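Given the coordinates of chain P, work out where chain L should sit on it, guided by the hints.
Each chain, written out:
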Amino acid sequence: MRPVHWLYTIPLRLRSLFRRAQADQELDEELRDHLERAIEEYVARGMAPREARRKALLAIGGIENCKEECRDARRVNWIQDLIQDAHYGLRMLQQNPGFTAAAVLAIALGVGINVGIFSVLNGAALRLLPIPRAEQVVSIDQILHGRFKRNSHNGASMFSYSEYLNYREHNHVFSGLLAYEPFVNATLSGGKMQELLGALTSCNYFDVLGEHPTQGRGFLESDCATPGGNAVVVISDDLWRGTFASDPSLLGKSITLNRTAYTVVGIAPPGFKGTEPIPSSFWVAIAMQKALDPWSDRLADDNLSWLALLGRVQRGVTMQEVQADLAVIAGRIDQVHPGRTTSLSIRAATFFNRQTEREILTPVVSVIFATFGLVLLVACANVANLLLARASVRQKEIALRLSIGASRWRLMRQLLAESLLLSLIGGTLGSLLAFWSFTSITRLIISHLPREVSTLAVNVAPDFRVLAYALGLTLITGIAFGLIPALQSSRQDLNSALKEDGARSGPGKRSGRLLLSVFVGTQVAVCMILLLATGLLLRGLYYAQTVDPGFEMKGVATMFLNLGQQGYDENRGTAFVGRLRQRMSELPGVIEVAQAECAPLSHDFSADAFTVPGRVEKIGIEYNHVSPQYFSVLGIPIVRGRGFLPGETHASPGVVVTESTARRLWPDEDPLGKTLRESSGREYSVIGVARDAQVAHLGDLHTTYLYFPEGTPDNLRAYVLVRYAGDFPGTAKAIRNAVQSLDPDLPVDVAKLEDYLEVWRRPSRIVAALSGALGALALLLASIGVYGVVSYSVSRRVHEIGVRMALGADGGEIRNLLLRQAMRPVLVGVLVGVAGCGAVSQVLSSMLFGLSAHDPIAFLAVPLLLLVVALVASVIPVRYGTRVDPMVALRYE
Amino acid sequence: MLLSVTEDIGMSKPSDLVQGTLDMLLVKILALEPMNGFAVSQRLKQVSGDVLEVSDGSLYPALHKLEQEGWITAEWKTSEYGRRAKYYSLTRLGRRQLEKEADNWDRLSSAISRVIKLKEA
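Just so you know, the sequences run in chain order P and L. Here the first sequence stands for residues 895 to 1787, numbered as in our numbering. Here the second sequence stands for residues 79 to 199, numbered as in our numbering.
Any given hint might turn out to be false.
Counterexamples of contact, computed for chain P against chain L with all Cβ distances above 10 Å [what the hints assert, rightly or not]:
1. 980
2. 1021
3. 1101
4. 1118
5. 1255
6. 1287
7. 1486
8. 1522
9. 1560
10. 1611
11. 1641
12. 1646
13. 1705
14. 1729
15. 1758
Below, computed lysine to aspartate or glutamate pairings styled on DMTMM-like, alpha-carbon distance capped at 20 Å [to be verified]:
16. L/143 / P/975
17. L/143 / P/918
18. L/164 / P/930
19. P/1627 / P/1480
So, partial list: chain P residues that the calculated Cβ filter (under 8 Å) puts toward chain L [what the hints assert, rightly or not]:
20. 923
21. 931
22. 932
23. 954
24. 967
In short, the hints are calculated from the structure, not lab data. Here the structure is a predicted model, which means the values were calculated and not measured. Think of the CB as a built atom: it goes at the ideal place given N, C-alpha and C, for glycine as much as any other residue.
Pulled out of the complex, with its shape left as it was, chain P reads as follows (with noise of 0.2 Å):
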C-alpha cells in the first residue's frame, strides 16, 4: 500500500477500534438481511421455507464464523491484538496469584537493583553539571605523547597557566573558557578553626558557569591581573549560612585562609557546589594561588599539569569544529617543546570527567554493573522456570487453540504478551522500590566515607536517562525470560497432547525436561560466581581484621602538622618542631615521641627509582624519613645493624632497609654496608635492617621499603606519632595544649593510629556488605527456583510415582530417585560456577588484603553451602511429594 493511501485509511481504522460494540450490531443486522434475502429467493423458487432456511444457512457457512471472518477483515492489527492480549493477560495472572506474586517480585528486584545502580552512575557520570545551559558546557582534557619532561600536581591531564592563557586568547569557538585548580585545601582561622577545601579560579568562572553570586559579586578581570594583587574570596552559601550563622554583614569583611587574608565580596548562589563531585566551600582568584600554597609557585610553572578547563561554546558550533580549533592551537604549544604531540580530549562536562578519573572509575563501574546483571539474569532464569512449568499445565489449552486454527505466531504473541505484561509490573515495581531507597543506601555509604568527603555533589534522582534504561531494561527482561517459554509452549505435538492427559505428557518431553535443567543449572552456576564473591571478600576482611601489621598499633597517637602552608619557613618551623618535640616529650603518660614523613598506612607515601651501583635494573623503592624514635615507638625491630642516633640527619649517607629489601637486591648477602644510588644519583650506604611492616600499604608484607633519617624540609610537613600510657581522650588533650601553647593559631587534629587502618578496612567493608547482601539474594533467588521445579516435576509425575509404588518400590528408593535427578542440574551448575569463579577471584585479588585469589577454603565452603541449600530445596518437596497413597496417585490426573 502506498502511504498516502495508508494515511487515509487511519480514519477508518480508528472509527472501527473505537466503535467496535456499534460495528458488532451492524454486522449482525447484516447478515440476518441477507438470510432473509436468500430465504425469500430460495422460497420464490419453489423450496419449502425451513429448507430454504437450511440451505442458506449452509451457503453462508455459519453465521459466527462469517462473523468471525468479519472482524478478522476488519482488524485494526496489531494494535487491537494487543489489547486483547493485554486483557487476557491480566485474567491468566489474576487467576494464578501465587506464580504472579513470585514472578512479579523476583523481577522486581533484579530490574530494581539495576536501575538503582543506573541512577548512580547517571548522578556521577552520565549528567551535565547543574548550571544553566549545561549542554553548552564542554570539559577539556590533554593527553601528551612522544618523549616529553612534565610535572603534574593534580592530574596529568590537565593544563599549565601559560597554555590556559594560550587557548584562551587564540580559541574562536568559545564564549568564555575558565581554568580551576580543584582539592585546595585551606585552614580558615580565627575564632573557630576549620579546614575547608575550595578551589582556585581563573576570574571568569561565575560568568562563564552563568552561577552569578546572589549576594556581592565574582571576579573581576583586575582580580586576576597581578599574582599576589588582590585578596578577594567567594564563598559557599552553605559555609555562609553554617560557620558564619548567615550574618548579614559579611560582604567587605575578610577572613583568614592560610594565614592570609582575604576580603569576602561575594556568596554563592544556594544549591552552586561548585564543579566538583566533592563540593566546594570558597573560590579564590588565580592569582593568589602562592599566596594560598607558599610551598609552589604554579603560576609560573610552564609544564605543570594543576589547571581543569571548562569552555561554554558558541551557539552553533559543532564539536568537530571545537576539536579542529583547539588541535591548531595544541600543535603550536608542541611546537615550543620538540618531541612532544598533544591529543585533546573533549566532552560534555559532567562531575565524572578527568581522563585519570575514568580510568579508576571505568573497571570498578563494570565490575558492580556485571554483579548486578547476574542477579537479574538469575531472576529471569527464576522466572523463565515458572513459566515453562505453568505452561505445561496449560498444554491442553493451547493444544485444542492450535488445533482450530491459530496461528503458532498468534499463540507465541499472546504468551509473549503475558511475559511484557509481568515484566511490566514487575519492572515499575522494581524502579519505584530503587528510587525510593537509593538516595538512602547512597547517603549510607558516603557517610562510612573519610571524614573529608562529608557529602557528594551528585544527584541520583531519576531523570529521562535512567526512566529510559528502567523501561529499556524491563521490556529486555520479558523478552528475555518470556522467548524460551513461548517458543516452548508453541511448539507442540498436537495429537499427543490432545489425547494424553496433558498433565502427564509435561515432564515425559524429552527437550521440555532439559529446559527446564538448563535454567536451574545457569541459575545455581550463576548463584554460584556471586556467592563465592561475597565468600572471597568476606575471608580477605577476616584476614585483613586478624593479620598482624608488624608494628604496634595500639597505644599510639598521630598528628599532622603542615608548617610550610601556615606560612612557617625552614628555620621557623624546625625550632618549632623541636620545641613541640621536646613538650610532647615531657607531657605525663607519654612515653616516647617520634616523627615521620609518612605515618604508616596514612596514605602519604614517597617512592623513588633506586639502582645497584653496578647493575642495570632499577628498582622502585617506597621510602620514609623517620626520627631515630620511630623503631621503638611503633615497635619494629632492628633485626641487623643498627637505628638512627639522634642528631643523624638527612646529610649523613645512612639508610635502613627492611627485611624484603635486602632479600630483594643482596640475596644470600649481609646488607650492612652496601650502596644504594637514588635517581638523582646521590649514594647511600645500609646501616641497618629492619623487621619487614605493613607499613605502606595493608597486605604488602613483603614489599621494598626503606627508611632515611629526617631532614629539616620534613620539619614543614610531617607526622608526629606518640606513644602514650593511659586513655586516648586525655592524652589527645594535652597534645593539643601543648601545640597551642607553642602557636595558638595553628589547627591540629590528634588522631589514634589503629583509625588509619579503619580507614583501609572501611571501603572493603561496604563492598563485603553489599555483595553480601547480593549473594543472599542471588542464594534466595536461587533456592526458590530449585525449589519450585523440584517440586513442581514431582507433582506432574505422582502418577508415575504410584505405579511404582504399586509395582513394589519403597518409599525411601523413589525418593532417592527423584532427588538424584533433582540434583544432576545442580551439580552441573555448581561445576560451571566454580570453573567460571577463577575470573572473579583475578578481578577481586586487590581487595583481598592479601589473601590469596584461590583461598582453598572459600572454594570449598561456598560450593558446598550452595549443595547443602539445593539439598534442602529439593528433599521438602520431594518427602512431601511421596507420601501419598498410591491408589489416590493413580487416579490423580
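Leaving out everything else, chain L in the frame of chain P:
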C-alpha cells in the same frame, strides 16, 4: 474456496481464483451502481452467465475488508420493505484501484491467452 467457476456440465471440481481477483470483481459490480451484499453476489452470478459464483461465507469478509481499505464505502438505507440494509458504493480511491487492477488483468489474461493459443508442432 472463495470463488468457484462452475462448468456447463454441472458439478465438477471448482478452481480457485486468487483473493485479488475476487476483490476486483466485487468492486466492478459496485461500480455499476450501489447495492447491498446479497445483490452483489446475485448480480455477479447473473452477468457472468452463472459461471462465477461467490460463496456467501467469503462474500462478507471480502466486502468488509474492502471497506476497511477504503475502496468502498457503506451506508445504511431503509429498503423498499421498510427494513434497514447496508448499501455499498465505490469511492474515488476504489475507482482508481479498479482501473489499475483492470489494466493488470488485461495484460495478464492476454498474455495467458497468447501462450495457450500457441500452435503445437
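Now for the hints, and whether the structure bears them out:
1. Remark: the non-interface label on residue 980 of chain P is consistent with the geometry, its nearest Cβ contact in chain L lying 23 Å away (cut-off 10 Å).
2. Every C-beta of chain L lies more than 10 Å from that of residue 1021 of chain P, the closest at about 48 Å, which supports listing it as non-interface.
3. With a least CB separation of 61 Å from chain L, residue 1101 of chain P remains clear of the 10 Å interface cut-off, as annotated.
4. The claim that residue 1118 of chain P is not at the interface with chain L holds, since no C-beta of that chain comes within 10 Å of its own (minimum 72 Å).
5. Distance check on residue 1255 of chain P: its Cβ is at least 56 Å (rounded) from any Cβ of chain L, clearing the 10 Å threshold; non-interface status holds.
6. With a minimum CB-CB distance of about 35 Å to chain L, residue 1287 of chain P clears the 10 Å threshold, and the non-interface call stands.
7. At roughly 97 Å, the least C-beta separation between residue 1486 of chain P and chain L is larger than 10 Å, which holds for a residue marked as non-interface.
8. At the 10 Å boundary, the C-beta of residue 1522 of chain P stays outside the reach of chain L, the nearest C-beta of that chain being 99 Å off.
9. Under the 10 Å C-beta cut-off, the non-interface status given to residue 1560 of chain P relative to chain L holds; the minimum distance is some 94 Å.
10. The beta carbon of residue 1611 of chain P is kept farther than 10 Å from every beta carbon of chain L, the shortest such distance being approximately 85 Å.
11. The beta carbon of residue 1641 of chain P is kept farther than 10 Å from every beta carbon of chain L, the shortest such distance being approximately 83 Å.
12. Residue 1646 of chain P, annotated as away from the interface, keeps every beta carbon of chain L farther than 10 Å; the closest lies near 83 Å.
13. Against the 10 Å criterion, residue 1705 of chain P stays outside the reach of chain L, whose nearest CB is about 60 Å from its own CB.
14. Distance check for residue 1729 of chain P against chain L: the nearest CB is about 58 Å away, which clears 10 Å, and the non-interface claim stands.
15. The Cβ of residue 1758 of chain P lies farther than 10 Å from every Cβ of chain L, with a closest approach of about 66 Å, so its non-interface assignment holds.
16. Our distance criterion of 20 Å between C-alpha atoms is met by residue 143 of chain L and residue 975 of chain P, whose separation comes to about 17 Å.
17. A threshold of 20 Å between alpha carbons decides the hint, and for residue 143 of chain L with residue 918 of chain P the separation of about 15 Å falls inside it, so the pair holds.
18. With a C-alpha separation of about 14 Å, the suggested pairing of residue 164 of chain L with residue 930 of chain P holds against the 20 Å cut-off.
19. The hinted pair formed by residue 1627 of chain P and residue 1480 of chain P meets the criterion: a straight-line CA distance of about 14 Å does not exceed 20 Å.
20. Look at residue 923 of chain P: its Cβ gets to within about 7 Å of chain L, closer than 8 Å, so that hint holds up.
21. This hint holds: residue 931 of chain P has a C-beta 4 Å from the nearest C-beta of chain L, less than the 8 Å allowed.
22. A least Cβ separation of about 7 Å between residue 932 of chain P and chain L falls short of the 8 Å threshold, and the interface hint therefore holds.
23. Residue-level restraint check for residue 954 of chain P holds (minimum Cβ-Cβ distance to chain L is 4 Å; threshold 8 Å).
24. Given hint, residue 967 of chain P at the interface with chain L, holds; its Cβ is 4 Å from that chain's nearest Cβ, closer than 8 Å.
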